[in-house]
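Visitor: Chain by chain, the residues run as shown.
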Amino acid sequence: MTAERGFSRGFRWISTGSGILLLAILAAVAIFLVQQALPALTASSEDLVAQNVLPQGMTSLWQLILPLVFGTLVAALLALVIATPIAVGIALYISHYAPKRVSAAVGYLVDLLAAIPSVVYGLWGGATLAPVIRHVWTWLAETLSLLPGLEVRATATGRSIATAAVVLAVMILPIITAVSREVFKQTPRLHEEAALALGATEWEVIKTAVLPFGRSGVVSAAMLGLGRALGETMAVLMILSPGILVSFQIFDAGQQQTIAAFIASQFPEAAGLRVNVLIATGLALFVITMLINMAARWIVARRKDFSGAA
Amino acid sequence: MSTTTQARTAGPVASPGSDEVRAMLRTSDVSRKRVNRVMKVLVHAAFATAMVPLLWLLYTVVVRGAARLSPYFLTVSMRGVFGGIDAGGVYHAMVGTVMITLIATVISVPIGLFTAIYLVEYGKGPLARALTFFVDVMTGIPSIVAGLFSFTLFSLFFGPGVRLGIAASVAVSVLMIPVVVRSCEEMLRLVPNELREAALALGVPRWLVIVKVVLRTSVAGITTGVLLAVARVIGETAPILITAGFADSINFNPFEGRMMTLPVFIYTQYRVGLVPCAPSDLACVPDVNVLRAWAAALTLIVIVVILNLLGRLVTRLFAPKLR
Chain L
17 MTAERGFSRG FRWISTGSGI LLLAILAAVA IFLVQQALPA LTASSEDLVA
67 QNVLPQGMTS LWQLILPLVF GTLVAALLAL VIATPIAVGI ALYISHYAPK
117 RVSAAVGYLV DLLAAIPSVV YGLWGGATLA PVIRHVWTWL AETLSLLPGL
167 EVRATATGRS IATAAVVLAV MILPIITAVS REVFKQTPRL HEEAALALGA
217 TEWEVIKTAV LPFGRSGVVS AAMLGLGRAL GETMAVLMIL SPGILVSFQI
267 FDAGQQQTIA AFIASQFPEA AGLRVNVLIA TGLALFVITM LINMAARWIV
317 ARRKDFSGAA
Chain X
237 MSTTTQARTA GPVASPGSDE VRAMLRTSDV SRKRVNRVMK VLVHAAFATA
287 MVPLLWLLYT VVVRGAARLS PYFLTVSMRG VFGGIDAGGV YHAMVGTVMI
337 TLIATVISVP IGLFTAIYLV EYGKGPLARA LTFFVDVMTG IPSIVAGLFS
387 FTLFSLFFGP GVRLGIAASV AVSVLMIPVV VRSCEEMLRL VPNELREAAL
437 ALGVPRWLVI VKVVLRTSVA GITTGVLLAV ARVIGETAPI LITAGFADSI
487 NFNPFEGRMM TLPVFIYTQY RVGLVPCAPS DLACVPDVNV LRAWAAALTL
537 IVIVVILNLL GRLVTRLFAP KLR
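First to last, the sequence lines map onto chains L and X.
Read in order, the letters of the first sequence correspond to residues 17 to 326 in our numbering.
Read in order, the letters of the second sequence correspond to residues 237 to 559 in our numbering.
Hints in this document: simulated from the structure, not taken from any laboratory.
Wrong hints could be hidden among the right ones.
Distance condition first, Cα-Cα at most 30 Å in a straight line; then the derived DSBU-like pairs of lysine-lysine [to be verified]:
(1) L:Lys116 to L:Lys223
(2) X:Lys360 to X:Lys448
(3) L:Lys223 to X:Lys269
(4) L:Lys201 to X:Lys269
(5) L:Lys201 to L:Lys223
(6) L:Lys201 to X:Lys276
(7) L:Lys223 to X:Lys276
(8) L:Lys116 to X:Lys448
(9) L:Lys116 to L:Lys201
(10) L:Lys116 to X:Lys360
No experiment lies behind these values; they were computed from the predicted model shown.
Just chain X, same shape as in the assembly (with noise of 0.2 Å):
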């Protein structure tokens, strides 16, 4: 918006020159002015303030994750590892991070895309309308929450105390489903009417109109909806941590015993801290617990990262040109 031509027309009175005219408007005007440009600073220092918090978390990531970050240390688990011993590493984390998130994104991407579709293409009455409303509310299910009803649900099957990396994925699951929904609606909504009525009017069915051209149309948008919904859940901590664990060893099995994650690494490494070391003990590295943390919280950032770059590369590279 343009700021220059402002408080010029209200002269309260005719007949005296301009000069003195403009002297008159610029004496009354000098509070609001400061004002303006007082408010000006502010939202300038407000978005400076939100900067601050972002830069040093990065800086302080990069820097004190890079120590430990290498390729031994993302290929060994923590099997064997203890005190304050220079060894151990995330590969067991990573693990259970694609199992949970792959299975998670196997359960939630189709449900969420029927039901987007259901929304778009089919919805109409009350139904619709509940389920706008309900999938926004899921939105906001506390992730412990969704941890807490999937741990109910899966001890009700394998009895109290039940740990499953199964467990997870579904906890994961209920926070994704409305994150997926929501994406793939906006994408085939962007879908011209144009385009259904055409294959329409050329005696195409409706389920094929719907395959063929509705999502042939909006996959690039719905694989980028889908690769940032999973860059959404692949930091979810609490609900694993009460569903899957955590474990020191490798299990590539989600349907068998405790699972660990990067996000449960970082906290549990975390939460271990300090150990005590022997003076006479060189091997020992006092604070190699939370070195590890950062390591693997570096990790964690740059797939996060990663998978939000690879979003955007599908949108600019595959999108059918619309407009």
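This is chain L alone, in the form it adopts within the complex (with noise of 0.2 Å):
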């Protein structure tokens, strides 16, 4: 390592300064941001009243970027809701139930649509999913304002949060399966043997030996899944009717909104400090995720040095 010269030392350089260079770019998208969103933090009331930069009848920031986050999250985490059980079911499927040719196909299958792009899923959930699953939607809503004192309203266009969501679970399914399919497929088989020869059922190997092995990989499967759902636009953008309530109707359209969706649907006629606002809910929205990504990937690494599975 002593004698390096000429081309070596240039293509060392050349390797650690890209490496270098990712970490800048990620440093420089933090710090853009924070840099373009001051302008509206920063920004007096009657600024923002002044230039017509919030929706009607909003006196401070906080009024938009509050109810944008509870959208956000709300859309996220019903979207989680629907796709863990259902992926880690096909993940279990895939490790332990089907045919060794068949979940090789299974897998394909699953990773194919995560090769669908969003704005493809935005266009079948609007055009395609919406006008069949209100029918759901009015039903569950009116069996659940069968109980006293629940108020639930459904759209007639299906153009909901829940409709959003599903569609959002649909494009998570990938993620989360793949990352708990991993995990399942490591589990010591002595642990599973040993379960078998206790004389469980195949679902008692799962349930005693697979399940509390991978519990703290299917969590963070959820989390990266629960990333990836937050920031989510196209789906969200061109299935919703938005509003900008703090609402729990999610059954109803003109309530919630996400982030990414109000971004994406203002900034083309954006200008001015209705550009910094927009960045400003955009640096709320990386930081969630940030936070919820990073967790999920510790969870990741602590299982690692624990298990001692490489």
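Dock the two chains into a complex; use the hints.
Guide: Shown next as structure tokens:
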């Protein structure tokens, strides 16, 4: 390593430089967002109102950001609740139920879901799924309204956050499945065989050996899926009929909006301070997704240390 | 896993005949067996549930997209097309998609490949650890945030309200670099250490070992990784929408003016939606915009599928036999 000269040294520098450049890009993303969000964050509420950058009736930036964060979280969490059980089921099917040849094909089919562009999901969700699934939502809303003290409304168009969440769930299914199945496959063979030797059924093997082993992996997989769902723009933009409210009416239109879809819908016509306001909301999204992704990666990394599995 | 040899061992009483033991075990196992069967059905149902949207979506895109997809559709732009005119196509969007993705690839592949080389060949210590962590973090950047970043970067130089093809390329690169790093890293790690050691022992300098041995061995895998990364970012919409805007005309110059891409085309056509037609106007097609959106969606999916198949083909044909 001592006599590194000429090209060898240059090559090392280029490689190291690329690594540093990558970190610099990431840092630049954060710095630029903060710098461009500052004018909006520091502007007085009179300025914000006078320049007409906030929706009608709002006087402070937080009145805009809070409902947007709420809407983003509602959509992503709903998607997660729908997707996780299905993804875990598919992962178990691939790792423990399906014959070897079938499981490879199934893995490929699920990966195919990840290959479809989000804008196509949006088109399909808005034009095909929404008019069909609205019947389900109407029925659900009517049934839930029978409960005393609960009033659930459902839109006749199907353009509600529930529909968006279903499409988001389909979109995050592949990543949750992929991570979970890798974890399930790493279950120590001896644990499974020990359970079998004690007379466990197929399901009991999974319940006593596979799931406890894979729990943290599934949690981090779900968090990765959550991160993806939080930042997803087009599906929400093309399906949801937005409103800026903190509302739990998930089957109704004109209630919630997510940050990403809000930015994409407002940005083409934005100028001046309005751009800064949008970047401020983008900064909020950036911070939330970064925190969730880091937490997920941290869980995965910690798990690796403990289990000894590479 | 086999299910045949289960629950046969634990007989509580030793004396009765084996038939009785068997009967006893069977009765006590009924509920466990039922749970086992139910879970088996549920696991299969989970898989079936996931296939419903996939098949439904593909079917819809193919059937509705085929209605308008034609050589004409692929070779004309939307210039001068408005209302319900039965004309217009995606040529301008395909030009934009190819330009923006190509530039993004040219930016991302060197950075991504060299970072992967650093991680695999040189990387030790805090920088390598930080890189591994932050590459993962970077994979999680929401695409719209990458768009906002590129927009602010270019508005520093070109003033507010900038819309450029190159800005979209930079935004897409931010999303593409971590993907390229990950797949290249994986491929480089597959190269057996013996090959490197053999070359080094012959006195070959380090950089030549990397170029002639490591990269030569993993070139098929790297190509596949790059193709898959391209397939992933070619469908990006939001970052391109806010950096390159949308356009009706053909634009070959990424350094000047707005640029259309296929995903943004799908979005804008869908947004316009139905058009009102006068009853006397027979040439007017009320849902022409939506039909164009579906046809563009089919085009996009076909491109993505071709890229994916190409990627798999490259691995199959050119991968060196390592084991």
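Visitor: Each hint needs a verdict: does it hold in this structure or not?
Guide: Results of checking the hints against the structure:
1. The suggested pairing of Lys116 of chain L with Lys223 of chain L holds, with an alpha-carbon distance near 21 Å, which does not exceed 30 Å.
2. Taking the CA atoms of Lys360 of chain X and Lys448 of chain X, the gap is about 23 Å. The hint holds against a cut of 30 Å.
3. Proposed proximity of Lys223 of chain L and Lys269 of chain X is supported: the alpha carbons are some 14 Å apart, at most 30 Å.
4. Between Lys201 of chain L and Lys269 of chain X the alpha-carbon distance is near 24 Å, which keeps this suggested pair within the 30 Å criterion.
5. Taking the CA atoms of Lys201 of chain L and Lys223 of chain L, the gap is near 14 Å; set against the 30 Å cutoff, the hint holds.
6. Distance restraint check for Lys201 of chain L and Lys276 of chain X: the Cα-Cα separation of roughly 18 Å lies within the 30 Å cut-off, and the hinted pair is therefore satisfied.
7. Pair hint Lys223 of chain L plus Lys276 of chain X holds up; C-alpha atoms about 12 Å apart against a cutoff of 30 Å.
8. This hinted pair does not check out: Lys116 of chain L and Lys448 of chain X have alpha carbons roughly 37 Å apart, beyond 30 Å.
9. Simply put, Lys116 of chain L and Lys201 of chain L have alpha-carbon atoms about 12 Å apart, close enough for the 30 Å limit, and the pair holds.
10. Note on Lys116 of chain L and Lys360 of chain X: the hinted pairing is violated, with a Cα-Cα distance of about 38 Å set against a maximum of 30 Å.
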